[in-house]
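> One letter stands for each residue in the lines below.
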Amino acid sequence: MATLGSLDLQVRPLFRAALTTLALCGLVALGSRGGRWIDPALLGYLMASIFAIFGVAYRYWEWVERPATWMYMRDSLRMLASRRALAVLPRLGLLALDQIFLQRFIEKRSLKRWGAHALIAWGCLLAFAVTFPLVFGWVRFTSEGLNQDRYQTWLFGLPGGTFPVHSFLGFLAFHVLDLAAVMVIAGCVLAFVRRRQDEGDTATQRFDLDIAPLLVLLAVSVTGILLTVSEKAFEGRNFQTIAYLHELSVIFMLLSLPFGKLFHIVQRPAQLGVTIYKAEGEREGRQPCKACGTPFIRANQRRDLEALFHRLGLDAARHSEGVHHLDLCPRCKRRLLAASQNRRLGGAFDPFAAVPLEVEPLLDGPSGSPQ
Amino acid sequence: MVSDEYGFFIDPQRCIGCKSCVGACGECGTHKGRPMIHLDELDRLESPQTTPTVCMHCEDPICAQVCPADAIKRSEDGVVHSSQKPRCIGCQNCELSCPFGVPIVFSGLEQMLKCDLCYDRTSEGLKPMCATVCPSQALLYAPKAQVELMRRAKPVREFLVGSLLVKTRTAVMLPDPETPLHLDAALLIEGGF
Amino acid sequence: MSRTPKPLAELRKTYGPHLNLAPVGGWDADPEPDRLVKTHCCFCGQQCGIQLKVKDEKVIGFEPWMEFPFNQGKLCPKGVKRYLQGNHPDRLTSALMRTDHGFAEVDWEAAMARTVNEIERIQTEHGKDAFAVLSGVSLSNEKSYLAGKFARLGLGTRNLDYNGRLCMVSAGAGNKKAFGVDRAANSWADIELADVIWVSGSNVAECSPITTDYIWRARDRGAKLIVVDPRITPLGRTADLVLPLRPGSDSALTNGILHLLQKWELLDRDFIEEHTAGFDAALEAVKDCTPEWTSKLTGLPAVAIEKAARMWGEAKTSFLLHARGIEHQSKGVENVCSCINMVLATGRIGRPGCGYATITGQGNGQGGREHGHKCDQLPGNRDIENPEHRAHICKVWGCTDAELPGKGLTAQEIMNAIHAGEIKGLLSLCFNPLVSLPDSEFTRAALEKLEFHVNLDFFLSETGQHADVILPSALHEEDEGTSTSAEGRIIKLNKAVEPPGDARADWKIMVEMARLLGKGKWFDHFTSPRAIFEELRHASKGGTADYFGVTYEKVEKSMGIFWPCPDLDHPGTPRLFEGGRFFHPDGKARFIPTPWRPPMEVVDEAYPIWLTTGRTVFHYLSGTQTRRIGFLVEQCPHPYLELHPRLADLHGIEEGDAVEITSRRGSLVLPAKVVKTIRPDTVFIPYHWPGALSANRLTARHLDPVSKIPEFKVSAVRIAKTTPDRFPEELAELRRMAFEARTDQPVLPEQVL
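First to last, the sequence lines map onto chains A, B and C. Residue 245 in the numbering used here sits at position 245 of the first sequence; the count goes up by one each step and never skips. Residue 120 in the numbering used here sits at position 120 of the second sequence; the count goes up by one each step and never skips. Residue 386 in the numbering used here sits at position 386 of the third sequence; the count goes up by one each step and never skips.
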C-alpha cells in the first residue's frame, strides 16, 4: 500500500490530478456564485474534500497508467468511440445494474458479505450524494420568502422546487444523513461479526486494509447520528464537541480516501469495462492451446497480454518453436512442470524401459515394447 | 507471518493422483469448499502419472504485474495472496499469465482465488491442508534444513520459463539442484515425457 | 420371496444414493467446533488417526491428527471426506418393514418382534442352522466378537461367516500355516528400514495410500522397489522393477524366484536350518521352475525374472508386502505361502528392516478376523474344532460344549446353501453381498429365495433392498470401541455424536435380540462396548491373538498397542518373530510347498481375455458409504473398462466407447478407458458398483479349497464394441450425480450429455 512517506510522485498523473482539482474548484466557484453561498461552517469539510479529490485523482491517473490497467482502459475507450458502442450500451446499462447497483457478484461470494457491503456501500453513497453538493455550495435551502413553513431549494445557484418543512419530504431532507448513518453502522457491525466468524478472513485480514476503514466509517456515522440525538433528545447538550469530533472523523476519512480501501469505489466501474472486453473477445473467438489444442484464450486478450508482457520486460517467456508462454493453457503449464521434472530424472522411472511387455499370441500386432 | 524456516516442496514423481489434496484444500477455512489446488493427469493413455500444482509464490509474481486492478499482493513472508476482494475485477490476466497455471478466476464471483498456502493455518504454525494430508508426501511442508536430510532429491527454486528466469518460494525436487528447471513447451508438443 | 418391493428407480428416490455435498449449514457456516474427537478413519485397514469436528452435536468436518504415529495427519480422499457420511439425507433413522408397496417405517418393537418370531419359526421348522448370519469387519472388535457369540449362543446356528471371507482369509490361512499366527509380522516402521521392497498384487497407492509414504521414505534411503501387478499402478510407475505378469500366475513367479535363489545360493542356510522346517519339500516343488518355465507362464521376460531374483536375493534387508491381487485367487493360500517361502529362504524376518505383511483391506480386517467372527473360529484366533479351545471359550461364556455349535459354512457357501434352499433365514449386517460376492445374478436369485431376511445398516444397501426388515444401525463415529489395524495395532475408536432417530449401535441391537430370543443370560451384562471388551480380553487370553493385557486407557495412552499383549504390564509386540521364534509349538516356521497349478478359469478361444477387478482410491468396498459422498462421486462416478490400445484397436474401440464384456456368468456394458498401463491381454474393472454396473456379474464362484476365498482376480471374458444406447440406465444417473457434485446443480444440462 502506498503511504505518504513512500509516495513517489509521477509527473503526468500529478498534472492530470491538478487539472482535475482545478476543474472542481471552478465548478465550486460557479455553483456557489463565487463562494457566496458556501456555508462557513462547512469550510473545513470543503478544504478536506478538495484535497481528497486531488489525492483520489492522482491515484486514479497513476493506476490507469499502469500498463495492465491501460490495456483495458484503452480498449474500453476505443470501443466507446467506435460504432460498436451503440450495440454495447444497453448491455452496459444492465451490467451496471447487476454489478454496481445490486452488486450481485458479492452475493455469490457470500450472502453475509453482500448484506454488510450493500448497507455500507449504499449508506456511504447516499451520504456522499447529500454532503458533497452541500459542501461545494451546489445545493442549499432557504425559507421561501417570509414563509417559515416552506423551504426553497437552490441548485447550482438557480432556484429549484419548494416544499413544506413539516412534510414527509421535509423530514426526509433533514434526516437522510441519519438514515445513511444507521445503514453504515448496521453494515459495519455485520462486517465485524462476519469477520470474527470467518477463519479465513481472521487469518488474512490486515488492520490497515480491512479493519481501519470500518472503524473510520463507524466513527463518522456514530458522531453524525449523535449530533441528531444531542439536538432532539438532549437540547443540544455537547453539540459543539460532537460536531467537532464529527468534523475531525470526516476529515480523516476524506484524507485517507486515496490511500485506503475506499479507493475501490472509483476502481470498481472498471469491472464493467472488463465484462464488455470479455464479451468482445468472445465475438472474436478463442485461440487454442498450442500443446493440447483446447481453445482457451480470447484473441483480444492474447494480443494485449503479449504487448503487456513486452512493456513489462517479460519477452523472454517464449519457448522454442515460436511458442509464447501465453499460448499454453493453464493445465498444460501445470503438466509442463511435471514433464520437465521427468526429463531431468532421465526416465529413470519408466517401468517398460526395464521390462518390455511381451505380446500375447492371441493379439495380432507389432510385438515388443508398447512405448 | 509464516515462518521462514519452513518451506513447501513439491515432488510430482511421488504423486499418486488420489486428490486428497483437492478434497482437503476445500476444507481449509480460507477456501470454503472451493479447492485452489490443481491435480492433473499428464496423459492417462501413456501413464498413470498425475501432478499436483500449488502456488509457487514467486518473488516477483507475474500475476501481480499483469493485474490491472493492482489486486494481487505478496506479504512480507513471501506469500502471494488471493486477489483482494474489493479490487479484483475478474479479468483473467493472472490466470492466463501465471507461468505455472495456478490462479483460478471463478465466474460469477468475478474474483481470482488461488492457493494462499492456507494462510489461516500456516500463519499459526500449522501445515497447509494439502501437504498435511498428502499420502505420498508429494506435497511436503517441512523445515528447510530437515528436507535436505530426509530426501534424496534436492529443492530447486529457479525456473526458466522459456528463457525467463522465475524465482519462487515453493521448491520442486530434482536430483541436480544446481541448474534451474527449464520449462519448454516443446516437451508437451512432442509428447516426449 | 425377497425381491425388491419396488422398482430400483423408485427405491432410489427415497433411499438414495443421494449425494452429501457440504458440511451441515453449508460452506459459509461458522466452522468453529465445540470439540474435536480423536478417532480413526472408517475406511480401510490402515485405520488412520483423524479428529472429527463436532458442533451442536453434529460432525461438521475434520482436523488432521498430527500426533497419531501411523499417519501423522495424512489421509486419503476417503478419509478427508469421511465426515460427510453423517447428516446424510439417505440415513436410515427408523426401522423399516417390507410391504406390498415398498418399505414402511415401523415401530422398533414391531420390527424386533417380527424378526424374533421369524427366527424362531424358521429354526423350529428347519433347524437351528437354517438361519445364517453374514457379518462384516468394518465392525469394531467388540461388535465382531459379539457377532460371533450372538450367532453361536443367541441364535444357536453354526452358519456364521463374514465378509473377510472376500478379503483376508487367504493371507490368514497362509500365515497360520507358515508362522502359526495370523498377523503382519512387523509394524510399518520396518518398511522404512528395508533395502528392497517387494509388492505383489497390491495397488498400494490406491488401496492403502498412506503406505506409499513409508515406501518412499525407504527409497529416499536408497531402497529398491519391485512391483508385481498386471497393471502399471501409480506406485508401480515409479518402481525400479515392474513385473506386469499374467493374471493368476503369481505363484509361478515366486516359485521361479525361489528356484533361482537356490540355484545362485542366495539363501540364509543358517536361518533355514535353525528356524524353519520343510525347506527341502519346498525346493522339490520348484526344481523345474527355471526362468524359461516361469517366463512362459507369467508372460514376463526371463531376464526380468532373473533381475528380480538378484535384487531380492542380494539385499541385506527387505520387506515383502502383498494384498488381494494374489489372495483373491483359487490358489490364494498357495500364492501367500510361496511369497513367505521367498522371505524365509533369505531369513529376512523378525529383525529391524526385515519383514513381511499382507496389507489388510477392510477397516477392521485384522481385529475382525481374530475373535470368532469366522465360521471355523473362536475368540483369540482359536479353532472351533479344537476341544481345548472350545473348553476355554465355554468357560468364559458360561455355556456347555453342546450349546456351542461347531464349524459352519463360509460366506459363499452360505449363499450357495441359500440358493439351494437349505438356509431359509438370514441376518446380514455390515456386508453387502449383492455387490461384493462373485456372480451377482446368482446372489440376487439366492436372496430372492429367503423366507426371512433381516438387515442391519445405516443406509439401505443393495442387499438391504431385498430384506424383509431393516434395522437402522450406527455409524463408526456414533459408537466407541477398538479396532486393529493392518499393522496389528489395536486402536481406540471414540464416539463423536449420538445416532439419529431410532438408529442404534449394532451391539445394542444384537443384545436386545438375544434377550428377546430368551438368551439374555449370555448377553445382558453387555451394557457398553467396554463391557464387551472386558469379556473379549478374557476370551482371547492364551490364544495367539492375545488381548488380555490391553485396556482402553492403555491403548489411548500409547496411541495403539500391538498384540500379542498377554498381561497388563506388557507393552505389546510391534515386531513378531524376533530371534527367529515362530508360533508353531516347535518355534519353527514352515515352508509350504506350492507346486504350480493354473487358476480355475483360463482364457480360451471363446473367452480369450483375462479380467481382473479391484478398487479405486475414491471408493470403499461395495460403495454403500462412498457412493453417497459428493466429492468422491465427482472424482470417480462410475465403473469403466480399462484396456490396452492394442486390444482396443483389435476391436475398433476408442476412449469412451460402449463395450460389452461377457463371461460365462453374464455380461455388462461399460465405457472404455484406453490406457497403455495394462497388459494387452488383460482388462480391468473396478468393483464398487451394483446391479447392471457390477463387475461381479462377470466373476466366478470358484473358491480357494482352503480359505474359500472367491477368485475375483482371474476370469476369462470376451469383449465387443457396442452402441452407447446399450449403456445401463444407472450409468446416466451416475453421470448426472457427478455433474451435481461438480456444480451443485441437480439437473444435467443437455449439452453436457
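In short, the hints are calculated from the structure, not lab data. Positions of the beta carbon are idealized from the N, C-alpha and C atoms, including for glycine. Any given hint could turn out to be false.
A few chain B positions that, by computed beta-carbon distances, are all more than 12 Å from chain C [to be verified]:
(1) GLU5
(2) ARG14
(3) GLY23
(4) PRO48
(5) GLY78
(6) THR132
(7) VAL133
(8) LYS144
(9) GLU158
(10) ASP184
(11) LEU187
Cross-link-like lysine-lysine pairs, in silico, DSBU-like; alpha carbons within 35 Å at most [what the hints assert, rightly or not]:
(12) LYS108(A) with LYS32(B)
(13) LYS144(B) with LYS176(C)
(14) LYS108(A) with LYS224(C)
(15) LYS73(B) with LYS112(A)
(16) LYS112(A) with LYS495(C)
(17) LYS13(C) with LYS32(B)
(18) LYS449(C) with LYS495(C)
(19) LYS278(A) with LYS154(B)
(20) LYS128(C) with LYS521(C)
(21) LYS316(C) with LYS154(B)
(22) LYS167(B) with LYS224(C)
(23) LYS32(B) with LYS55(C)
(24) LYS290(A) with LYS721(C)
(25) LYS13(C) with LYS112(A)
(26) LYS278(A) with LYS73(B)
(27) LYS316(C) with LYS112(A)
(28) LYS278(A) with LYS167(B)
(29) LYS32(B) with LYS495(C)
(30) LYS108(A) with LYS144(B)
(31) LYS32(B) with LYS263(C)
(32) LYS449(C) with LYS108(A)
(33) LYS73(B) with LYS290(A)
(34) LYS13(C) with LYS290(A)
(35) LYS676(C) with LYS296(C)
(36) LYS32(B) with LYS58(C)
> Are the hints correct? Go through all of them and say.
Results of checking the hints against the structure:
{"no.": "1", "hint": "GLU5", "result": "holds (17 Å)"}
{"no.": "2", "hint": "ARG14", "result": "violated (6 Å)"}
{"no.": "3", "hint": "GLY23", "result": "violated (4 Å)"}
{"no.": "4", "hint": "PRO48", "result": "violated (5 Å)"}
{"no.": "5", "hint": "GLY78", "result": "holds (24 Å)"}
{"no.": "6", "hint": "THR132", "result": "violated (5 Å)"}
{"no.": "7", "hint": "VAL133", "result": "violated (4 Å)"}
{"no.": "8", "hint": "LYS144", "result": "holds (16 Å)"}
{"no.": "9", "hint": "GLU158", "result": "holds (23 Å)"}
{"no.": "10", "hint": "ASP184", "result": "holds (23 Å)"}
{"no.": "11", "hint": "LEU187", "result": "holds (18 Å)"}
{"no.": "12", "hint": "LYS108(A) with LYS32(B)", "result": "holds (13 Å)"}
{"no.": "13", "hint": "LYS144(B) with LYS176(C)", "result": "violated (46 Å)"}
{"no.": "14", "hint": "LYS108(A) with LYS224(C)", "result": "violated (51 Å)"}
{"no.": "15", "hint": "LYS73(B) with LYS112(A)", "result": "holds (25 Å)"}
{"no.": "16", "hint": "LYS112(A) with LYS495(C)", "result": "holds (34 Å)"}
{"no.": "17", "hint": "LYS13(C) with LYS32(B)", "result": "holds (29 Å)"}
{"no.": "18", "hint": "LYS449(C) with LYS495(C)", "result": "violated (38 Å)"}
{"no.": "19", "hint": "LYS278(A) with LYS154(B)", "result": "violated (42 Å)"}
{"no.": "20", "hint": "LYS128(C) with LYS521(C)", "result": "holds (19 Å)"}
{"no.": "21", "hint": "LYS316(C) with LYS154(B)", "result": "holds (27 Å)"}
{"no.": "22", "hint": "LYS167(B) with LYS224(C)", "result": "holds (34 Å)"}
{"no.": "23", "hint": "LYS32(B) with LYS55(C)", "result": "holds (17 Å)"}
{"no.": "24", "hint": "LYS290(A) with LYS721(C)", "result": "holds (33 Å)"}
{"no.": "25", "hint": "LYS13(C) with LYS112(A)", "result": "holds (33 Å)"}
{"no.": "26", "hint": "LYS278(A) with LYS73(B)", "result": "holds (24 Å)"}
{"no.": "27", "hint": "LYS316(C) with LYS112(A)", "result": "violated (63 Å)"}
{"no.": "28", "hint": "LYS278(A) with LYS167(B)", "result": "holds (31 Å)"}
{"no.": "29", "hint": "LYS32(B) with LYS495(C)", "result": "holds (26 Å)"}
{"no.": "30", "hint": "LYS108(A) with LYS144(B)", "result": "violated (39 Å)"}
{"no.": "31", "hint": "LYS32(B) with LYS263(C)", "result": "violated (61 Å)"}
{"no.": "32", "hint": "LYS449(C) with LYS108(A)", "result": "violated (54 Å)"}
{"no.": "33", "hint": "LYS73(B) with LYS290(A)", "result": "holds (30 Å)"}
{"no.": "34", "hint": "LYS13(C) with LYS290(A)", "result": "violated (46 Å)"}
{"no.": "35", "hint": "LYS676(C) with LYS296(C)", "result": "holds (22 Å)"}
{"no.": "36", "hint": "LYS32(B) with LYS58(C)", "result": "holds (18 Å)"}
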